[in-house]
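There are 2 protein chains.
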Amino acid sequence: MYKVKVYVTLKESVLDPQGTAVKKSLRMMGYDDVNDVRIGKYMELTIGETADQLDAMIEEICSKLLANPVIEDYRYEIEECVPQ
Amino acid sequence: MYKVKVYVTLKESVLDPQGTAVKKSLRMMGYDDVNDVRIGKYMELTIGETADQLDAMIEEICSKLLANPVIEDYRYEIEECVPQ
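Note that the protein sequences, when read in sequence, are chains A and B. Each residue of the first sequence is one higher than the one before, starting from 367 at the first, in the numbering used here. Each residue of the second sequence is one higher than the one before, starting from 367 at the first, in the numbering used here.
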């Protein structure tokens, strides 16, 4: 069993209206030291037995479904976990 | 300057319909080894000079705005970064 943690973020050059809204809210709440907020996605996949091409498989899943490579970057971490 | 990475995930006991939808799509695409998908949020905050109570401040921001403590868990990492 593997646990894969996928982080999807907007590319640096892409505007992030959701992040801007959160920043504005924080400023209104009095947190004036917050300079920037960027919002992305975090996904945890639990995957069975495919040790061999796991890396290629995750790469494919990310670029085809989880992220939009035109405007988003992604990175992932693979952890082996022992089923209880 | 500090970069704070916030991870917000649904509590284990809370259903995740978005994750279920992604899992179904992956299964339809032929990735039969995917057992489970959970979807959360990932946020990056850039924060100016408040070294002192930074930890308490982030804790407050998370529980008041970024996460819903009733159904979500959150964790965060604080990185000091040198402005260019």
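Just so you know, these hints were derived from the structure itself, not from any lab. This one's a predicted model, so the numbers in the text were calculated from it and none came from an experiment. Please note: incorrect hints may appear among the correct ones.
Heads up, the list lumps identical chains together, so a pair's fine if it works in one copy or across two of them.
[What the hints assert, rightly or not] Below, a list of computed lysine-lysine pairs in the BS3-like style, where the Cα atoms sit at most 27 Å apart:
| hint | residue 1 | residue 2 |
| --- | --- | --- |
| 1 | K389 | K369 |
| 2 | K430 | K390 |
| 3 | K389 | K371 |
| 4 | K430 | K389 |
| 5 | K389 | K407 |
| 6 | K369 | K390 |
| 7 | K371 | K390 |
| 8 | K430 | K369 |
| 9 | K407 | K377 |
Hint by hint, here is what the structure shows:
When the C-alpha separation of K389 and K369 is checked against a cutoff of 27 Å, the pair qualifies only between copies, where the shortest distance is 14 Å, while the shortest distance within a copy is 32 Å. Proximity of K430 to K390 under the C-alpha cut-off of 27 Å is restricted to the inter-copy arrangement: shortest distance 14 Å between copies versus 33 Å within a copy. For a Cα distance limit of 27 Å, the shortest separation of K389 from K371 qualifies both inside one copy, at 26 Å, and across copies, at 14 Å. With identical chains, the CA atoms of K430 and K389 are at most 27 Å apart between copies only, with a shortest distance of 13 Å across copies and 31 Å within one.
Taking CA atoms no more than 27 Å apart as the test, K389 paired with K407 passes in both settings, with 17 Å inside one copy and 16 Å between copies. For the identical chains of this complex, K369 and K390 are inter-copy neighbours only, at 18 Å across copies versus 35 Å inside a copy, given an alpha-carbon limit of 27 Å. Proximity of K371 to K390 under the C-alpha cut-off of 27 Å is restricted to the inter-copy arrangement: shortest distance 18 Å between copies versus 29 Å within a copy. Taking CA atoms no more than 27 Å apart as the test, K430 paired with K369 passes inside one copy only; the shortest distance there is 19 Å, against 29 Å between copies.
Taking the shortest Cα distances, K407 and K377 sit within 27 Å of each other both inside one copy (13 Å) and across copies (16 Å).
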